[in-house]
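Novice: Since the structure of chain A is provided, determine the placement of chain B on it from the hints.
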Amino acid sequence: AQSVSQHNHHVILSEAASLELGCNYSYGGTVNLFWYVQYPGQHLQLLLKYFSGDPLVKGIKGFEAEFIKSKFSFNLRKPSVQWSDTAEYFCAVTSLGSQGNLIFGKGTKLSVKP
Amino acid sequence: DAGVIQSPRHEVTEMGQEVTLRCKPISGHDYLFWYRQTMMRGLELLIYFNNNVPIDDSGMPEDRFSAKMPNASFSTLKIQPSEPRDSAVYFCASSPLQGGEQFFGPGTRLTVL
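Protein sequences, first through last, are from chains A and B. Going by the numbering used here, the first sequence opens with residue 1, and the numbers climb by one from there. Going by the numbering used here, the second sequence opens with residue 1, and the numbers climb by one from there.
Only chain A is shown next, with the shape it has when bound in the complex (with noise of 0.2 Å):
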């Protein structure tokens, strides 16, 4: 079964810090690959995604994750974080061999301090 694995639980950082968020799958075929971000008190919004070509995909706010095939892995990077980006992050895989529903990850919450 496919499964996503997020290595940090909670990682707090200092305003312009830089930030790299881990995720690996465990599915061997072709992937699409999400991040979603949920501020607190709100619902799960896009981040970026991932389907096919440039394996660097930039999404909204500054994100940023790279695909590495051969490492299964998907990590979320921002080179300067902001107080607003205390949020919770999940990581999300489908195939395309699937039905159509996404696998999440358990989550990586994030505190920036001001």
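These are computed hints drawn from the structure, not numbers from a lab. Check the hints yourself; a few may be wrong.
Interface residues of chain A toward chain B, partial, derived using beta-carbon atoms under 10 Å [unchecked claim]:
1. Trp83
2. Phe90
3. Phe104
Here are some chain B residues the structure puts well away from chain A; computed CB gaps all over 10 Å [stated by the list, open to error]:
4. Ser7
5. Ile55
6. Ala67
7. Ala72
8. Ser73
9. Pro81
10. Gln102
11. Gly105
Note that CB positions come from ideal geometry on N, CA and C, so glycine has one too.
Specialist: For chain B alone, coordinates are given in the frame of chain A:
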């Protein structure tokens, strides 16, 4: 587009009562998903539909939970009878594509006393 619409936004009920959560997906989206989110268990997929047909309900906790999609623009998730452990935020999401981006609604925060 109004996005995915869920109602009610908040529901407080007593144990044993029936609860019905409602979702209107984005027009034209063929896939509809119901999720439950709690602090302890994170985000769990309960059930999803394709063209109004339930595809996978393996995430539905038990027989107290049921979901329907009578047409392309409306779905319900019903809990009968409700229990305190059902307290959670329930999200509905829709997607136009198999394996594509899902668009989430604002959620229903359910509290069962």
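Novice: Which of the stated hints cannot be reconciled with the structure, identified by number in ascending sequence?
Specialist: Of the numbered hints given earlier, those the structure breaks are 1, 5, 10, 11, listed in rising order.
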